[in-house]
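Asker: Listed below are the residues making up each chain.
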Amino acid sequence: MIHKYKLAGYNIVLDVNSGGVHVVDDLTYDILDNIEPPFNDKCPENVIEKLLKFYKKEDIESCYDEVIELYTEKILFSDDDYEKYAKFSVSSPVKAMCLHIAHDCNLRCKYCFASTGDFGGGRKLMSFETGKKAIDFLLEKSADRENLELDFFGGEPLMNFDVVKQIVEYARSKESEYKKRFRFTITTNGMLLNDSNTEFINKEMSNVVLSVDGRREVNDKVRKRVDGTGCYDTIMPKFKALVDARGDKDYYVRGTFTKYNLDFSEDVFSLYEAGFDQISVEPVVCDQCEPYAITEGELPQIFKEYEKLSQRILDLEKTGKKFNFFHFMLDLDQGPCAIKRLRGCGSGNEYVAITPDGDIYPCHQFVGNPDFKMGNLDDGTFDLEMKETFAGANIYTKPECKKCWAKFYCSGGCNANNYQYAGDIHNAHKLSCQLQKKRLECAIMLKAAKIDNINDFN
Amino acid sequence: MKHIKTINKANLKAA
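Protein chains in written order, with my numbering: chain A, 1 to 458; chain B, 1001 to 1015.
Just so you know, these hints were derived from the structure itself, not from any lab. A few of these clues could be false.
Computed list of lysine-lysine pairs in PhoX-like fashion (alpha-carbon distance at most 25 Å, straight line) [unchecked claim]:
1) A:42 x A:259
2) B:1002 x A:50
3) A:340 x B:1002
4) B:1005 x A:437
5) B:1009 x A:402
6) A:42 x B:1013
7) A:133 x A:180
8) B:1009 x A:124
9) A:437 x B:1002
10) A:403 x B:1002
11) A:249 x A:174
12) B:1009 x A:56
13) A:450 x B:1009
14) B:1013 x A:53
15) B:1005 x A:141
16) A:221 x B:1005
17) A:56 x B:1013
18) B:1005 x A:87
19) A:6 x B:1009
20) A:53 x B:1002
21) A:308 x A:402
22) B:1005 x A:84
23) B:1013 x A:124
Each pair of labels, with its calculated beta carbon distance range [stated by the list, open to error]:
24) A:79 x B:1009: 13 to 21 Å
25) B:1011 x A:36: 22 to 30 Å
26) A:115 x B:1001: 23 to 31 Å
27) B:1011 x A:41: 26 to 34 Å
28) B:1001 x A:370: 34 to 42 Å
29) A:36 x B:1009: 49 to 57 Å
All C-beta atoms in this analysis are idealised placements derived from N, C-alpha and C, irrespective of residue type, glycine included.
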């Protein structure tokens, strides 16, 4: 399977099963519409005849020879022989956990998937006792995995920061005994950041996610305090202070775009101009009846905006400046192995979420849905049958993914979105798919554009 | 190659 497209003056061909990315001239782009395996030694006469209106015969023949050469090298029209590896999709040790340290929040963001912080189950904070049990669960279920990840999530985690500190201290105290290394992350809206918790976060958290949507007017339209006022002017100086003190440790400023700001490249650049260089601005995923929802009707405008954003990034890099945009980050040479790409994020199998009540869910997006409660830390239950179901989900058990050109980059999409908006974790959420594919096309183009003379075919 | 430039290793072939 190949996927080819034109973007920003480049003709790009992706060989899906080898991962090969080729930049081609117009002749190759056209010839690929007319040939497919099995190939003859010489270019078929009907193909030559068809293309002679636009190209010279000797060029058509030499182009055909190059296609055959790459086919022989198995980096063009390569076979899909990965299904045999889907058997590796089996139950695995739990190595990552999302700890819902607070089911409460001091903001009332309109699009919040967590029902403004309480996930529909009432406002509550996790106790240290429950946090300890969560750490013990992770130590027990992680088998031989040495690197364990723990995300402090909410709601707003800073509303329960004393317990965050206690849990970090407890987990660190177990590292040498169990021969494990904890990697902590925290996601915050920034309202309660101060010198003290900023210092702790920068010392202990491997990654910090700072929630802000971009321009002041965009952010404050949807990210409001309980009294209805915006939060931009409160959080931005705190975020800047945290990042400035953070050195080279990971962070993201992370925003959501909605129907209200389809010109979201302005928000990305607003965050860059505010002094941040690790940026994510992502489409809202919500019920289609919400006034801010993104629907099929907005896709053409969003696609143009992603193209505009990629061009603006190229223009910026020509001036010697740069930032990372999360959804355009792509490693074409040293990415994860094909097995990982088959399996995706590992929710419900390698990754679980724990609520303040000690309930276990496949991930933070499933929290609050009783059909997906996997167990509870207090009563020691853990639904291994559900774990097997999630472990078995891969791009070859998802019918639409199996035949999709983007499958090794998207890995079957988000199980929670698939369930919530397409009815089953194995059904692709088409709106997310279309956005993902557009971002991938832009990301691959950005890689090609950075190579000197890549478009010089003379 | 006159018509095609491959820009990566193409070696996919297996939180």
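Asker: A separate judgement is required for each hint: does it hold in the structure or not?
Answerer: The hints, checked one at a time:
Note on residue 42 of chain A and residue 259 of chain A: the hinted pairing is violated, with a Cα-Cα distance of about 52 Å set against a maximum of 25 Å. With a C-alpha separation of about 21 Å, the suggested pairing of residue 1002 of chain B with residue 50 of chain A holds against the 25 Å cut-off. Only pairs whose Cα atoms come within 25 Å are accepted, and residue 340 of chain A paired with residue 1002 of chain B is rejected, the gap being roughly 35 Å. Restraint check for residue 1005 of chain B and residue 437 of chain A: satisfied, since their Cα atoms lie roughly 22 Å apart, inside the 25 Å limit.
With a C-alpha separation of about 23 Å, the suggested pairing of residue 1009 of chain B with residue 402 of chain A holds against the 25 Å cut-off. This hinted pair does not check out: residue 42 of chain A and residue 1013 of chain B have alpha carbons roughly 28 Å apart, beyond 25 Å. For the hint pairing residue 133 of chain A with residue 180 of chain A, the CA-to-CA distance comes to about 17 Å; that is within 25 Å, so the pair holds. Annotation: proposed proximity of residue 1009 of chain B to residue 124 of chain A is violated, straight-line Cα distance about 50 Å (limit 25 Å).
Distance restraint check for residue 437 of chain A and residue 1002 of chain B: the Cα-Cα separation of roughly 29 Å exceeds the 25 Å cut-off, and the hinted pair is therefore not satisfied. Note on residue 403 of chain A and residue 1002 of chain B: the hinted pairing is violated, with a Cα-Cα distance of about 31 Å set against a maximum of 25 Å. With a C-alpha separation of about 23 Å, the suggested pair residue 249 of chain A and residue 174 of chain A falls inside the 25 Å cut-off, and the hint holds. Taken as a hint, the residue 1009 of chain B and residue 56 of chain A pair is broken in the structure, with Cα atoms around 31 Å apart against an allowance of 25 Å.
Taking the CA atoms of residue 450 of chain A and residue 1009 of chain B, the gap is near 16 Å; set against the 25 Å cutoff, the hint holds. Using a Cα cut-off of 25 Å, the hinted pair residue 1013 of chain B and residue 53 of chain A is violated, with the two alpha carbons roughly 39 Å apart. Between residue 1005 of chain B and residue 141 of chain A, the direct Cα distance comes to roughly 47 Å. Violation of the 25 Å bound is thereby established for this hinted pair. Proximity of residue 221 of chain A to residue 1005 of chain B is assessed by CA-CA distance (about 47 Å); at most 25 Å being required, the pair is judged violated.
Our distance criterion of 25 Å between C-alpha atoms is broken by residue 56 of chain A and residue 1013 of chain B, whose separation comes to about 36 Å. Of the supplied pair hints, the one linking residue 1005 of chain B and residue 87 of chain A is violated, its CA atoms being roughly 35 Å apart against a limit of 25 Å. Of the supplied pair hints, the one linking residue 6 of chain A and residue 1009 of chain B holds, its CA atoms being roughly 21 Å apart against a limit of 25 Å. Restraint check: the Cα-Cα separation between residue 53 of chain A and residue 1002 of chain B comes to about 20 Å, which is no more than 25 Å; the hinted pair holds.
With a C-alpha separation of about 30 Å, the suggested pairing of residue 308 of chain A with residue 402 of chain A is violated against the 25 Å cut-off. For the proposed pair residue 1005 of chain B and residue 84 of chain A, the alpha carbon gap of about 31 Å is over 25 Å, so the pair is violated. Among the hinted pairs, residue 1013 of chain B with residue 124 of chain A is inconsistent with the structure: their alpha-carbon atoms are about 48 Å apart, more than 25 Å. Distance hint check for residue 79 of chain A and residue 1009 of chain B: the Cβ-Cβ separation is about 18 Å, which falls inside the suggested range of 13 to 21 Å.
About 23 Å separates the C-beta atoms of residue 1011 of chain B and residue 36 of chain A, a value consistent with the hinted range of 22 to 30 Å. Checked against the given bound of 23 to 31 Å, the beta carbons of residue 115 of chain A and residue 1001 of chain B, roughly 56 Å apart, lie outside it. In this structure, residue 1011 of chain B and residue 41 of chain A meet the distance hint of 26 to 34 Å, their C-beta atoms being roughly 27 Å apart. Distance hint check for residue 1001 of chain B and residue 370 of chain A: the Cβ-Cβ separation is about 58 Å, which falls outside the suggested range of 34 to 42 Å.
The hint said 49 to 57 Å for the Cβ distance between residue 36 of chain A and residue 1009 of chain B, and at roughly 24 Å that hint is violated.
The structure fails hints 1, 3, 6, 8, 9, 10, 12, 14, 15, 16, 17, 18, 21, 22, 23, 26, 28, 29 (numbered hints given earlier, in ascending order).
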